[in-house]
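Numbered by the numbering used here, the letters in the sequence shown go through residues 418 to 596 in order.
Just so you know, these hints were derived from the structure itself, not from any lab.
We put the CB at the ideal spot given by N, CA and C, even for glycine.
Treat the hints with care, since some could be wrong.
Using C-beta positions, here's what the derived DEER-type ranges look like [what the hints assert, rightly or not]:
hint : residue 1 : residue 2 : range
1    : S528      : G582      : 28 to 34 Å
2    : K433      : A482      : 18 to 24 Å
3    : T426      : Q486      : 34 to 40 Å
4    : E526      : T572      : 17 to 23 Å
5    : D573      : R480      : 33 to 39 Å
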Amino acid sequence: MNVDNSTTTRPVPDPKSLRRAFGTFATGVTVVTTGGPTPHAMTANSFTSVSLDPPLVLICVDRGAVMHQCLTATGFFGVSVLAAHQEPEAMHFADRWRTLGAAQFEHVEWSPGEVSGVPLLNGTLASLECELWRTYDGGDHTIFIGKIISLHQQTDRDALLVFKGKFRQISPDWSEVPT
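Start from the sequences, fold in the hints, and give me the full structure.
What follows is the structure, encoded as structure tokens:
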């Protein structure tokens, strides 16, 4: 395979155009959590599976986000894959102005992970408890790879998706459900 590593200057798309282009890729919606003395959560759609053996997933976190510092400090994180009815939770944990720390979990149903105790939201499609395995530079983000240390799933629920900046739903039989 030939890779063009030339230094030809090409115009770089502006961030707004990039967001619009990236938004055309429908993704599931998750809430990523950390525990410890100052638990934290954030809504994220930059989540994917990496490997079955060992069981690995990745999340990408902006270097300036509160989550970046929390995750680096604790070494464990949770991923709650949201069901269609959990749009309010997605909005809550995406709100930059919400109260931080343990107080942000007061009006959300959650349970502690069985190994690390990270908060995992109840009523989700799946919840993963992960131990930080590796990190990689990802430009203005860090790519965090976690090894799954516990897993719970409930597959008979509808999924919450994001497409073109709006929440959507899809049912288990793969037919679209109006939102």
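Against the structure, the hints:
no.: 1; hint: S528 / G582: 28 to 34 Å; verdict: 31 Å, holds
no.: 2; hint: K433 / A482: 18 to 24 Å; verdict: 20 Å, holds
no.: 3; hint: T426 / Q486: 34 to 40 Å; verdict: 35 Å, holds
no.: 4; hint: E526 / T572: 17 to 23 Å; verdict: 19 Å, holds
no.: 5; hint: D573 / R480: 33 to 39 Å; verdict: 38 Å, holds
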